[in-house]
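Peer 1: The residues making up each chain are set out below.
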Amino acid sequence: MTKRCGRSAAGIAVVVFMASPLAAQNGQPQEARTARVISDTGRLKGPRQPIFFRHDVHAGQSRIPCMYCHASVAVSSEPGIPAVQTCFGCHQLITGSTDEHKAEIKKVQQAWIGKQPPQWIRVHALPGFVRFPHMRHIKALGTQACATCHGQVERMPQVYQVSTLKMGWCVNCHVRSGVSRDCTLCHY
Amino acid sequence: MAEAPAPPSRVTYDFVTRAVARTLGNPGKGYYALLGGAVGLLAIGIVCLLLLLRYGLGLAGYSHPVYWAVYITCFVFWVGIAHSGTLISAILFLFRSGWRTAVYRTAEAMTVFAVMTAGLFPLIHIGRQWYLYWLIPYPNERGLWPNFKSPLIWDEFAIGTYFTVSSVFLIMGLIPDIAAVRDVATGWRKKLYAITAVGWRGTNEQWRHYTRGYLYLAALATPLVLSVHSVVSWDFAMAIVPGWHATIFAPYFVAGAIYSGVAMVITLLVPIRKLFRLEELITGHHFENLAKLCLLTGMIVAYAYCVEYFTAWFGGNPNERAAFWYRAFGPFWWASWTMIICNAFLPQLLWFKTIRTNILALFVISIFVNIGMWFERFVIIVVSLAGEPFTTWTNATYNATWADWGIMAGSFGWFFMWFLLFVKNFPAVSISEVKEVLPPPRRASRAVHA
Amino acid sequence: MGEPMERRRFLKVLGVTGGGAALLSGCGIGPEPTEKLIPYLIPPEDQVPGTPTYYATTCRECPAGCGLHAKVREGRVVKLEGNPESPINHGRLCPRGQAGLQGLYNPDRVAGPLERTGDGQWKPIAWDDAIGRVAANVKGARGKGIVFVTGHESGAFGELVDEWMRQVGGRHVIYEPFAFEALREGNRLAFGTSAVPWYDFANARYLVSFGADFLDTWVSPVGYQNGFARAHGFQAGRDASMAKFVFVGPRLSLTGMNADEWIAAAPGTEGLLALAMASVIVRERLAPVPSDAARLASLLSRHAPAQVASAVGIEPSVIARLAREFAASKGGLAVAGGIAAQYPNGAAIVAAANILNYVAGTVGKTVKFGPNDSLGGAGAGSFQQMADLVSDMEAGKVAVLLVHGANPAHSLPGAFSQAIAKVGFKVGFSPYLDETAAAADLILPDLHPLEQWNDARPRAGLFALLQPVMQPVFPDARHTGDVLLRASGRDQTFQEYLQGRWRELHRRHGGGKSFEQFWSEALQHGGVYGEAPLQPVRLASGVAQLTATPPALAGGPGETVLTVFPSIGLYDGRGANKPWLQELPDPVSKITWHAWVEVHPATAARWGVTNGDFLLLKSPYGAVKAPVWITPGVRPDVLAAATGQGHTAYGRYAKDRSGNAFELLSSAPNGYGGRTFSVAVSVVKTGEHRRLATAEGDPRELGAHNVEVLPLGRARQLKSGERAFEEHEAPAYAERALEDWAAAQHEKASLGNYAGEHPRWGLAIDLATCTGCSACVTACYAENNIATVGEELVVRRRVMSWMRVERYYTGGEHGEPVGAVVTPMLCQQCGNAPCEPVCPVFAAYHTADGLNGQVYNRCVGTRYCSNNCPYKVRYFNWYNFAEQGGEWESWPAPLDMLLNPDVTVREKGVMEKCTFCVQRIRGAQNRARLEDRTVRDGEIVPACAQACPSEAIVFGDLHDRRSRVSELAQDPRGYHVLAGLNTKPAITYLAKVVHDG
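Protein chains in written order, with our numbering: chain B, 607 to 794; chain D, 152 to 601; chain W, 46 to 1042.
Chain B extracted, bound-state conformation (with noise of 0.2 angstroms):
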């Protein structure tokens, strides 16, 4: 199993330094996605995670695309939230242009070095009896539909839920959009 895992290891880093680069150059500053400078975090909705992780940054500002990190999401009904070696894949050649981001940084290569993953919060959770595929809705909806949940993740500097995720919400969509509402969809 471990040996297994080391070669995966080695597999996932060639796709990251193939892959780092790319994002570099996509990220070039454009003022209309350059992520603005947060003064005060405490004034940002939504719960604080443990690193100040920016999807401004990433998804905006670099535009990596959001199935690079989520990468199931397509495929599985779980999106998926990616292993610290993606993040320490790019980040031990970006270490940050500003103090503040340079000690974000910082910390996941700690969490690297020290193999201890943040414990992030979960901000978009449903209830256990719900089940929601997410590959479904990407199939239907293609992959830039992440939003139509999640809301302009992009210039969030920390996520925060925009839908309710209550079933009114999900049962006016499927309505909407002439799905089945056949209750066994979610619930079983």
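Simulated from the structure, these hints should not be mistaken for lab results.
All values derive from a computational prediction rather than experimental measurement.
It cannot be assumed that every hint is accurate.
Calculated lysine-lysine pairs in the DSSO-like style (CA-CA distance at most 30 angstroms, straight line) [unchecked claim]:
| no. | chain 1 | residue 1 | chain 2 | residue 2 |
| --- | --- | --- | --- | --- |
| 1 | W | Lys-442 | W | Lys-189 |
| 2 | B | Lys-772 | D | Lys-300 |
| 3 | W | Lys-81 | B | Lys-651 |
| 4 | D | Lys-425 | D | Lys-504 |
| 5 | W | Lys-184 | W | Lys-442 |
| 6 | W | Lys-81 | B | Lys-745 |
| 7 | B | Lys-712 | W | Lys-81 |
Place chains D and W on chain B using the hints.
Peer 2: Just chains D and W, lined up with the frame of chain B:
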């Protein structure tokens, strides 16, 4: 029903008012003892209910497949009790049978409180009591509605309507009497009655409107006597369980309901009459009429039993036959035979006038009928489920537990608590209507002319 | 409601996102308490969150060595299924195999190495110190007696133990309580080989079992049941089908229940019957008798039917008939063992059965020497070895005792437990604190087989691999292989050792592939599956001296023969701490959670005992109390009791549950070095009584025709399109109207659509092959997070099992032979369901694809649906079985890690029931949608159908005319249970077929 003969001459308008007002006087030890007992029972019930909520229905005696048991039995029992009240107050009113006047108030109060009690049981018996409101149709963003096909939803409406109408009926009937006692009452009670009498002064105009309104309300309440318990019976008749699935159920249940109700009226009146010394107002004559009513409905119920067994045999459906064989001779034979003896055989004694007019005998018989009617529901519900013949693999036994008995006791406590509070604070006998059947006084006395 | 706890726990172990087994939260809709998402440090390859990964490995719950597919979600095993590639079990799995999961997540596992302190307490010890102590003691004990006891090991681990023992001058004792010595010795007597052949049930035309419970526990139950179903099942048009099956034995076991004819021969006379049949065949020249059979002449002439019939207790004519049928079938198979081969003359009985096979010419056809079972051969352990060990221990000749994968303190209660006290240093490698481990000085918990590397050779030619399918649940447990390698001072992991051995396999079976390729392919397929060539066998020289005369079993007057048999669920007791197996109704007695003793009605009447009365059984070796279960399925002069219960340690589910049947047995080996499992007991009524914790309702059908039976002749005549069972929902004039109405109902109920398709899911269950083994029941528990409720609630009839196997006895009332029929009863998914209209909140409703949906989070628990369900297949959550630390908790940590993340864990107060594994249906539909196709027939397999060793259950779309299930729904044998109620069930049962007469 025959018109009431004029009561003894010393029963005058004045006497009636005093007699009834006396019932509202300071309660004695006996009263407090009874009330205490009722509250005690209620406390037991509440404790059991709390445990039930915490740990789940497993505390009750349910087994697979006996998924309905004592709680639903009590539900049907109490709904049944309710019925005679409306019968006596509304239907007999429409039939202008004078003898009802002395007893209908008690019966009516009983109705309201019985429905209040019955209403608790659906809440108690469901698995996730905190979601009971899902049975109520209310607009919600999920676009979810209750299933109007389900007899349980019909129930909800039937009981709701019944409670509303019967309580309105009771309160309306009370108005003139409250006014009457208002005029003799003192202290906080005077204030209470002043409000609840809604400014009744007994003017001719008020009386005209009042009687007319009362008549309409009676007419409105009358069909409920038949409809409510029919709907309740459909909880069972609509199911495919052998022993439930029968067209006779509606009339069978209604008759049974009135039967048990009348029995309960007797059970309640006897002690009240003693306690409040109302012998002159509630006479043996009243009891005899009640007894006759009891006998009549009892006969109908007995007939229904026969029909049930006959159709089971004559219909030739093996499942039906098996079910009723199990009912009579299965492990629950004792329940079935208790029910048949108490409901079908004992009341035959009422053919004899000596027994009809013997208050004590009546009291005893009425209690047996109450027991019998409780067992009738137990037999229909538990025994039919336990012995369901479709697959012999699931035939089960059933043993009720303390959680069942505790909550049942609590329901009796709840009922009697309300009833006792009522009779102490409101006229248990209709002053105005009793007076209606009295010979008018020779000269207008200073007595309140309510 | 405990759910985040559960989730966080397994996150700690594995670190992963995604929905853990979701609990129906009491607070209804709305976000649950804050959850943490802990990412992987390094994502494991080939695992996608939210999507299961399957790893091939091998089952170690019994010596059969079935192939497994372990379903892994988010890095934890959530279900065990059979590996379709394995020639042993063909992708099927028995309850015990599936319950291996509860061994892995068992709450009573030993987390790390423990040593016993002076005051008898356990205290943790570091691995290095522990291994140091072992090495030191072994070193010091050289020459003073070092013994390593293991269970049946056919692979690398066994050889490692051998090597190490050779190195340190110790000996390796293999101990299985049921070790099939009689089988080996019987084969030696008859053929001069102690090998255990492979019995080809699938190609048998006529089966005679002399007590061999090949559907219960005998040798390789799953594989044999699969074969049996092929041979004994009914297939229209295939004459070879419906091989007749005759069971000979004192007790109607699960195997016996499936026989067409039960011959309750007097205990010990089975051999006589076999020889008598052989003699008829030879005398009447019914088969081309092999030349060397001549030497049998005298033996057989001594056993003509007339001579043995009275001893056996049947008519000579019956023996002759059986012999003729057997020979005429041109493909008979006689097997002997189990309950019939446990007498002192067991070996002779097996030999007699061999002779029968031999003279009928079936050896080499259905009895295949060559692909021999690993249970055979010289290497296999025997009770003799154990007995010798015990006497050595008694004599103080054992200084160091190491025990792995065996629990002799339970199966040899008296002798071993006393002897072990005389051993200087005792090491237990058990992951659980069982009786033997409890007596040890040092416990070095092994990894569970699902966490470790190993291999097994269940049958000659087959090499099965075990691989760790998840990281250890208890990280501080350690593979005993690694420990031994360390202790023997070898700088190597067991994985490397194993691969070392597989390199030589690679040389022989590599086929030019590189070793890495060979290895990873083996891992993928679960092993290497070769064919071993057949070896012809001839009669042994001494065969003529065989004496099959029965021993005097019933001792003095007033004593009765008690036969002790392995429990189907708990086997020799190793299953006793797994709630699934404890709560699985015994396929025969339907009793759960406690032991029982089987008594014939006549005997019970004579003794004046009823079900649940306690009897005190006294044998010369011990005494045990057990409640009576009265059954027609046992000889009047015989009592029967199962092993498995009566643990004094081992864990919360096993400890102090009724008596241990082993205590009644002699600890002395019998003539052939095996153990005698029948003993004369005196019976005393204790006056105690208990309500049996049984799932049984009425033992007979009482005219309710829910299990239909067809005589073979009639079944053969049926043309396709015919219906053997006319179903009238209504008088003819109303039929049409009713059908239209029901159709309309179904259409109306069909909301929405799934990618435009409107399937109607249906099931077909073939009662001709269903044996009642109850594998489907455990599969359902595992797949659908069904709570185990415990003994008390079983007594109160609150079992939650969605799938119940009903067993009804037939006949036996007027002298005719007793038989039994079984039927799995589960939600019929009625097209016109009584449960739906009565639900006030649409929690029970009709789905677009024709299921009776059950929306747990909508259910308020009025239970009306269950009252209105004629099949009574809806089950109510009386308590909160998922409450952490609650009185009724069903999944104490870490058991909760086996909860299926795709299925809601139901809260108290809601109704639950079978939904044809709707989660699997939706999963398949999602996959199909991603691939822009519709669901293929056979793509969806419900858990029950997947597990069924008989392949009796078929699932599919009834609207698809070409699907297998709609084909079977049209089968002439097809019928619907309670069709008369016009419920239009989606389950078609195919009537059981029995031989005429």
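Peer 1: Does each hint fit the structure? Answer for all of them.
Peer 2: Hints, one by one, checked against the model:
no.: 1; hint: W:Lys-442 with W:Lys-189; result: holds (6 angstroms)
no.: 2; hint: B:Lys-772 with D:Lys-300; result: holds (27 angstroms)
no.: 3; hint: W:Lys-81 with B:Lys-651; result: holds (18 angstroms)
no.: 4; hint: D:Lys-425 with D:Lys-504; result: holds (22 angstroms)
no.: 5; hint: W:Lys-184 with W:Lys-442; result: holds (16 angstroms)
no.: 6; hint: W:Lys-81 with B:Lys-745; result: holds (28 angstroms)
no.: 7; hint: B:Lys-712 with W:Lys-81; result: holds (21 angstroms)
Every hint, counting from the list given before, is met by this structure.
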